[in-house]
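Build the full structure now, drawing on both the sequences and the hints.
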Amino acid sequence: AKTKTMEKLGAGLAMNLLDYFRISKTISFKDGEILLMNQNVNVTPTSILCDFQKGLIENIGFKEAYENLYNTAKKISFDYNSKFIKGYKFKSGRDVTEWQLKVVTLAGWGKWTIKHFEPEKYNIIFQMKDSPFTKVYGKSTFPVDIITVGLVAGGALSNFKEPIETIETKCQAMGDEYCQIEIGTPEVIEAKRNELWKQWKLI
Numbered sequence: 013a014k015t016k017t018m019e020k021l022g023a024g025l026a027m028n029l030l031d032y033f034r035i036s037k038t039i040s041f042k043d044g045e046i047l048l049m050n051q052n053v054n055v056t057p058t059s060i061l062c063d064f065q066k067g068l069i070e071n072i073g074f075k076e077a078y079e080n081l082y083n084t085a086k087k088i089s090f091d092y093n094s095k096f097i098k099g100y101k102f103k104s105g106r107d108v109t110e111w112q113l114k115v116v117t118l119a120g121w122g123k124w125t126i127k128h129f130e131p132e133k134y135n136i137i138f139q140m141k142d143s144p145f146t147k148v149y150g151k152s153t154f155p156v157d158i159i160t161v162g163l164v165a166g167g168a169l170s171n172f173k174e175p176i177e178t179i180e181t182k183c184q185a186m187g188d189e190y191c192q193i194e195i196g197t198p199e200v201i202e203a204k205r206n207e208l209w210k211q212w213k214l215i
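Under the working numbering, the letters of the sequence shown match residues 13 to 215, in that order.
Simulated from the structure, these hints should not be mistaken for lab results. No incorrect hints appear here.
Calculated lysine-lysine pairs in the BS3-like style (CA-CA distance at most 25 Å, straight line): (1) K114 with K147; (2) K182 with K114; (3) K147 with K66; (4) K123 with K87; (5) K173 with K127; (6) K42 with K95; (7) K114 with K103; (8) K173 with K114; (9) K75 with K210; (10) K182 with K133; (11) K213 with K147; (12) K98 with K133; (13) K151 with K123; (14) K66 with K204; (15) K114 with K87; (16) K204 with K127; (17) K151 with K66; (18) K147 with K127; (19) K182 with K75; (20) K182 with K151; (21) K66 with K182; (22) K173 with K95; (23) K103 with K123; (24) K133 with K101; (25) K103 with K133; (26) K182 with K127; (27) K87 with K133; (28) K182 with K204.
Restraint ranges, calculated between C-beta atoms of paired labels, are given here: (29) K66 with E110: 29 to 35 Å; (30) I126 with K101: 17 to 23 Å; (31) K213 with S59: 23 to 29 Å; (32) E70 with S104: 42 to 48 Å; (33) I39 with S152: 31 to 37 Å; (34) G150 with I72: 16 to 22 Å; (35) E207 with K173: 23 to 29 Å; (36) I46 with L214: 35 to 41 Å; (37) K101 with H128: 24 to 30 Å; (38) S59 with E130: 32 to 38 Å; (39) T153 with T58: 18 to 24 Å; (40) S59 with D188: 18 to 24 Å.
A virtual CB, placed ideally from N, CA and C, is assigned to each residue, including glycine.
Encoded structure:
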């Protein structure tokens, strides 16, 4: 029954996804508490996350702040997505990925599309437009979606079960038309990260 419900609602808009959560009882509301997939969530102003990230970068430096934000988001996302995937029967990694994009869109992390999908080579590229986080964060000389990149890494790791890392190569906060997040093997992403961070004068 769950699979049929997913197939029926899978192509729907954000409101349809919210309806699915209600129908499948994966979301519940109590006084002072929201549970999604048995995990506590809350509605937090985007400015809080932006100011927290800016403060962390200012206090401990970009590199250490990046590692803290990225790795924490990755771990949380991996745990959450692993439970999500286990609870429902997806037909393929592509189906999981598309469903994950619907979830992050519903959660207010921008409008997501898949630009390139080559999972057998762990080569996947997402594009994201109109992220409230990027909009509130303001202009920057480097990509600002650090938490988002970590969330994507954890989601991809839970999906493909292989060592995977991610990096943001374009960002609307830098004046780009869209934010672009790329998934690859640790070696590929580390090399790309070092090259881009030198270009952006982060190291």
